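The residues making up each chain are set out below.
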Amino acid sequence: MDRRATLIDIIRKVSKKNVSLQADESLFDSGLLDSFALPDMVSGIEEAFGVKIPDADLHPRKFDSIERIESYLESLKQA
Amino acid sequence: MTLLHSFGAAVPSRAVTNEELSPLVGRTPEWILNVSGIQERRWAGEETSVVDLAAEAARDCLNRAGLAARELGMILLSCSSGHRQFPGPAVQLAQRLELTATPAIDIPLASAGALFGMSLAADLAPTRGPILVVAAEIMSRIAMRAPQDSAVSVLFGDGAGACLIHPDQGIARIRGSLLGSDGSFADDLKLEFGSGISMNGRSVILQATRKLPRVISDLLARLNLKAGDVGTFLMHQANQNLIDKVADTLGVDRSLFFSNIRRYGNTSSASMLIAASEWAADARLRSGELICFAAFGAGFNWGALLAEAP
Numbered sequence: 001m002d003r004r005a006t007l008i009d010i011i012r013k014v015s016k017k018n019v020s021l022q023a024d025e026s027l028f029d030s031g032l033l034d035s036f037a038l039p040d041m042v043s044g045i046e047e048a049f050g051v052k053i054p055d056a057d058l059h060p061r062k063f064d065s066i067e068r069i070e071s072y073l074e075s076l077k078q079a
Numbered sequence: 080m081t082l083l084h085s086f087g088a089a090v091p092s093r094a095v096t097n098e099e100l101s102p103l104v105g106r107t108p109e110w111i112l113n114v115s116g117i118q119e120r121r122w123a124g125e126e127t128s129v130v131d132l133a134a135e136a137a138r139d140c141l142n143r144a145g146l147a148a149r150e151l152g153m154i155l156l157s158c159s160s161g162h163r164q165f166p167g168p169a170v171q172l173a174q175r176l177e178l179t180a181t182p183a184i185d186i187p188l189a190s191a192g193a194l195f196g197m198s199l200a201a202d203l204a205p206t207r208g209p210i211l212v213v214a215a216e217i218m219s220r221i222a223m224r225a226p227q228d229s230a231v232s233v234l235f236g237d238g239a240g241a242c243l244i245h246p247d248q249g250i251a252r253i254r255g256s257l258l259g260s261d262g263s264f265a266d267d268l269k270l271e272f273g274s275g276i277s278m279n280g281r282s283v284i285l286q287a288t289r290k291l292p293r294v295i296s297d298l299l300a301r302l303n304l305k306a307g308d309v310g311t312f313l314m315h316q317a318n319q320n321l322i323d324k325v326a327d328t329l330g331v332d333r334s335l336f337f338s339n340i341r342r343y344g345n346t347s348s349a350s351m352l353i354a355a356s357e358w359a360a361d362a363r364l365r366s367g368e369l370i371c372f373a374a375f376g377a378g379f380n381w382g383a384l385l386a387e388a389p
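Keeping their order, the protein sequence lines are chains A and B. According to the numbering used here, the first sequence is numbered sequentially starting from 1. According to the numbering used here, the second sequence is numbered sequentially starting from 80.
Just so you know, these hints were derived from the structure itself, not from any lab. Every value quoted in this text rests on a predicted model; they were computed, and no experiment measured them. Heads up, a few of these hints could be off.
Derived pair list, reagent style BS3-like, types lysine-lysine, alpha-carbon separation capped at 27 Å [unchecked claim]:
#1 Lys324(B) / Lys269(B)
#2 Lys17(A) / Lys52(A)
#3 Lys17(A) / Lys324(B)
#4 Lys324(B) / Lys305(B)
#5 Lys77(A) / Lys52(A)
#6 Lys77(A) / Lys62(A)
#7 Lys324(B) / Lys52(A)
#8 Lys52(A) / Lys13(A)
#9 Lys305(B) / Lys52(A)
#10 Lys13(A) / Lys324(B)
#11 Lys324(B) / Lys62(A)
#12 Lys16(A) / Lys324(B)
#13 Lys62(A) / Lys269(B)
Using the sequences and the hints given, assemble the complete structure.
And the structure:
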């Protein structure tokens, strides 16, 4: 499964909604993720991609859309 | 050996239900209950000050302890909802207790203030003598102030709690504590002068759900213990969903986390000691039973403290 498909899978699991998602769609404004689903999504990302996201990077805006999450994961690779 | 000796509490008599609050905040009672686990909270009358609540909780604690105020070596008062910049309410609390030379120190840390106070008191009591830690807040006036954020204003209530930390007597020996602060997120939960509470709820929950289980686990690990060894968790009563999340992350039964948020809402720094006071009234501690306190709040500041029944 490629990265985007994995992210969509994680989001569907934590939101418990089997929806189709646009990469630039706000996961918060769309109502897909509430405050308590967000930590679950972050944990899901860490587990699925084998990364450790430091607390200093845990700004909600970094995780507000698939595009932003992908961009953040890219930045982790380059760090 | 420093010990938790006694607890006390004071809450205003007026209970404000979700049904009463609903038209004031434009949210349904069911929505409020669902997002917070809160059914009602207490609101202080206009004539009541944080010092009134603090003094009532302090006297309740001292009465339960059988200790005269003059025997105190120090007072620590956590309060972020006082009515003026300085002096803070700690000296007024001391004055209400008829103390005129006992050091009285303010801790304006918001939600984590009581936990920080207990940790400091545990370190200071061996040299200062018995220390009364009090946390008192009147959050309703702030939470209902414009500009109002209904997702925030539904959470808060008023009250005070107190804890006596004693150098050599008590119900549970303090084994250790861990505290942390990170000002990088100071703007995500703040109260500016003359304004309402500003909260980035997603950031608060994201950080709290990480830092609380971690600080508890780290403290326990230092003492060669694990979460499953703890008999009771007494956490800052911020939000029932957060309390449940911390329990789930630690892998312990949610019922081990004492909770009274349904009846009092989030009383900021006062909440943990109000909860502790209610818990202690019915607690039948077994020898060796562990009690873990934890809090997270504006700053961000967070921490945990572990005590063990002798």
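Now for the hints, and whether the structure bears them out:
1. Lys324(B) / Lys269(B): Answer holds: lysine 324(B) to lysine 269(B) is near 23 Å, not above 27 Å.
2. Lys17(A) / Lys52(A): holds, 26 Å
3. Lys17(A) / Lys324(B): Given pair lysine 17(A), lysine 324(B) holds - Cα atoms ~20 Å apart, limit 27 Å.
4. Lys324(B) / Lys305(B): holds, 17 Å
5. Lys77(A) / Lys52(A): holds, 12 Å
6. Lys77(A) / Lys62(A): The given pair, whose Cα atoms are some 15 Å apart, holds under the 27 Å limit.
7. Lys324(B) / Lys52(A): Roughly 20 Å separates the two Cα atoms, so the pair holds.
8. Lys52(A) / Lys13(A): holds, 20 Å
9. Lys305(B) / Lys52(A): holds, 22 Å
10. Lys13(A) / Lys324(B): holds, 17 Å
11. Lys324(B) / Lys62(A): Holds - the C-alpha atoms of lysine 62(A) and lysine 324(B) are around 22 Å apart, at most 27 Å.
12. Lys16(A) / Lys324(B): Roughly 17 Å between the alpha carbons, so the hint for lysine 16(A) and lysine 324(B) holds.
13. Lys62(A) / Lys269(B): Holds: lysine 62(A) and lysine 269(B) sit about 21 Å apart, inside 27 Å.
In the structure shown, no violation is registered for any of the earlier numbered hints.
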